[in-house]
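Just so you know, the sequences run in chain order A and X.
Residue numbers 7 to 241, in the working numbering, belong to the letters of the first sequence in order.
Residue numbers 24 to 272, in the working numbering, belong to the letters of the second sequence in order.
No lab work stands behind these hints, which were simulated from the structure alone.
If you're wondering where the values come from, they're calculated on a predicted model, not measured in any experiment.
Backbone N, C-alpha and C define an ideal beta-carbon position, used for all residues, glycine too.
Treat the hints with caution; some may be incorrect.
To be verified - For lysine-lysine, the following BS3-like pairs were computed, each having C-alpha atoms within a straight-line distance of at most 25 Å: (1) X:97 to X:127; (2) A:136 to X:97; (3) A:60 to X:92; (4) A:60 to A:136; (5) A:136 to A:31; (6) X:127 to X:92; (7) X:127 to A:136; (8) X:177 to X:127; (9) X:207 to X:48.
Unchecked claim - Sample of chain A residues with no beta-carbon within 12 Å of chain X, all distances over it, derived: (10) 94; (11) 129; (12) 155; (13) 156; (14) 234.
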Amino acid sequence: MLSYKFDWSIILTGQYHDWLVSGLKVTLQLSVAGIILSFLLGLVVAVMRMSHLKVFRWSACVFLEFTRNTPLLVQIFFWYFGSYKLLPTVVNEWLNSTSFEFAAGLIALTIYTSAFIAEDIRSGVLSIPKEQMEAAQSSGFSYLRAMQFIILPQAVRITVPPLVNQFLNLAKNSSLAMTIGVMELTYQARQVESYTFKGFEAFTAATLVYLAISIIITFLVDQYNERVLKLHKAA
Amino acid sequence: MIHFTDVNKWFGPLHVLNSINLHVKQGEVVVVCGPSGSGKSTLIRTINQLEAINNGTLIVDGMDLSDRKTDINKLRAEIGFVFQQFNLYPHLSVINNITLAPIKLRNLSRKDAEEQAMQLLTRVDLAEKRDAYPAQLSGGQQQRVAIARGLAMKPRIMLFDEPTSALDPEMIGEVLAVMQDLAKSGMTMVVVTHEMGFAREVAHQVVFMDAGTILEEAPPADFFCNPQHDRAKQFLNQLLTPMHGALCS
Ligand SMILES: Nc1ncnc2c1ncn2[C@@H]1O[C@H](COP(=O)(O)OP(=O)(O)O)[C@@H](O)[C@H]1O
Ligand SMILES: [Mg+2]
């Protein structure tokens with residue numbers, strides 16, 4: 007190891023640099039698509055979890071228990087290796103027509119993250135004073151429409167900071183998708199390492215990129231808290 | 024307009040409304056007073072079904088509240104409710120607080136809803152606050168916006184549950200003035216309040232509640248000059264010893 011020569015140039019320009027950049031792109035694609043989809047799914051699960059109907063509440067609970075209490079890696083493998091037997095042919099054909107690894111990784115990350123988001127949204131809703139629901143219902147809004155126009159918009163605003171946290175987790179968790187061959191940032195860093203034996207440089211670069219994403223996002227959340235939440239908070 | 028006949032309600036073992044009989048005519052202003060915990064809020068909240076009654080009949084604007092076929096959301100749209108704590112929607116600007124229900128529930132166009140909202144804001148003297156958020160307003164201003172929000176649905180009845188109790192003293196007057204205006208315009212109103220000056224000036228009937236029962240119901244002159252029950256006398260004395268004379272004249 008003493009003879010190891012640092013060579014930062016390989017990650018700053020050239021082919022290996024391009025590999026890392028394309029890995030970053032895939033990581034961002036996974037994270038952005040994942041956070042949008044898992045937000046939508048999480049919203050549905052949260053509403054079901056709070057429904058007056060037992061069937062909905064119960065299915066939501068089962069979903070939450072399963073997804074939160076099994077390792078993400080197992081879920082990724084499940085969707086990659088196991089989903090064929092479960093999914094209708096049309097879906098499988100669609101998956102094959104795109105990148106199957108990417109799709110399986112995205113599905114697994116989406117489902118896993120949506121469980122946490124659903125609970126974030128639910129605690130957001132529970133933190134809205136019950137008087138808001140009373141005020142809305144007094145104006146003639148039904149329970150569901152009050153949720154839609156008055157409660158959820160407030161809950162989601164409160165949920166933005168934890169949601170961004172979930173986005174960061176997602177960005178980091180997406181590195182697990184390399185195990186099924188998704189060519190995201192960690193996968194590419196690994197590739198660079200095996201071609202050049204410059205593992206230190208490659209993984210340092212990957213680490214700094216993950217860190218940069220976190221710092222930028224955290225900064226944006228602080229700005230959001232400062233500007234938006236303060237203005238909208240209950241008087 | 025509002026008819027309670029032998030209405031009872033329990034919270035567990037607590038008999039919070041005890042054989043209530045009360046009739047409010049169209050255009051009438053009824054002030055409800057009584058010691059804390061006597062059931063005033065519960066009474067006024069049954070009128071728009073924020074609380075359900077256990078037995079008896081309650082007919083509001085021709086609709087029987089114990090009839091399961093009554094469309095409760097439709098009834099509530101006809102009744103404005105003003106809360107002690109205002110309960111404006113904190114994520115919406117003043118104008119959007121007022122236009123939300125008319126747009127979503129009455130299918131008004133945004134333009135018409137905003138026009139109507141501006142008229143109401145002018146009426147409560149807050150036209151310049153149209154784009155402010157509730158957190159940027161004083162308590163008195165928030166309560167006036169809340170009244171405008173209630174009026175935006177063109178209600179046939181307005182209910183007020185201690186609308187000035189959460190306000191600093193210097194803001195009480197501005198809210199009472201708006202309510203007095205509203206009463207003059209012929210609105211049917213039920214007002215839970217300890218503002219006895221308002222009751223004397225504006226109310227047609229004053230209702231005194233104690234421990235879930237209506238002990239007295241009388242025009243303000245009779246209620247203030249000649250209360251029948253000891254509990255009512257006590258209550259008045261505690262509340263307004265210094266100005267009792269002024270109220271009875
Ligand atoms: N949701 C509730 N559950 C149980 N008890 C309640 C509830 N709301 C009010 N009470 C009780 O009912 C009584 C009457 O309350 P309320 O109508 O708020 O009185 P007031 O408005 O005259 O102060 C009080 O003893 C109060 O503690
Ligand atoms: Mg009360």
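Hint check results:
Restraint check: the Cα-Cα separation between residue 97 of chain X and residue 127 of chain X comes to about 13 Å, which is no more than 25 Å; the hinted pair holds. Taking the CA atoms of residue 136 of chain A and residue 97 of chain X, the gap is near 21 Å; set against the 25 Å cutoff, the hint holds. With a CA separation close to 24 Å, the supplied pair residue 60 of chain A and residue 92 of chain X stays within the 25 Å bound. Of the pairs offered as hints, the one joining residue 60 of chain A and residue 136 of chain A holds, with about 22 Å between alpha carbons and a cut-off of 25 Å not exceeded.
At roughly 43 Å between alpha-carbon atoms, residue 136 of chain A and residue 31 of chain A are farther apart than 25 Å, so this suggested pair is violated. Only pairs whose Cα atoms come within 25 Å are accepted, and residue 127 of chain X paired with residue 92 of chain X is accepted, the gap being roughly 23 Å. Restraint check: the Cα-Cα separation between residue 127 of chain X and residue 136 of chain A comes to about 21 Å, which is no more than 25 Å; the hinted pair holds. Taken as a hint, the residue 177 of chain X and residue 127 of chain X pair is honoured in the structure, with Cα atoms around 14 Å apart against an allowance of 25 Å.
Pair hint residue 207 of chain X plus residue 48 of chain X holds up; C-alpha atoms about 15 Å apart against a cutoff of 25 Å. At the 12 Å boundary, the C-beta of residue 94 of chain A stays outside the reach of chain X, the nearest C-beta of that chain being 38 Å off. The Cβ of residue 129 of chain A lies farther than 12 Å from every Cβ of chain X, with a closest approach of about 17 Å, so its non-interface assignment holds. Its beta-carbon lying about 6 Å from the closest one in chain X, residue 155 of chain A breaks the requirement of being farther than 12 Å from that chain.
Remark: the non-interface label on residue 156 of chain A conflicts with the geometry, its nearest Cβ contact in chain X lying 6 Å away (cut-off 12 Å). The claim that residue 234 of chain A is not at the interface with chain X is violated, since a C-beta of that chain comes within 12 Å of its own (minimum 9 Å).
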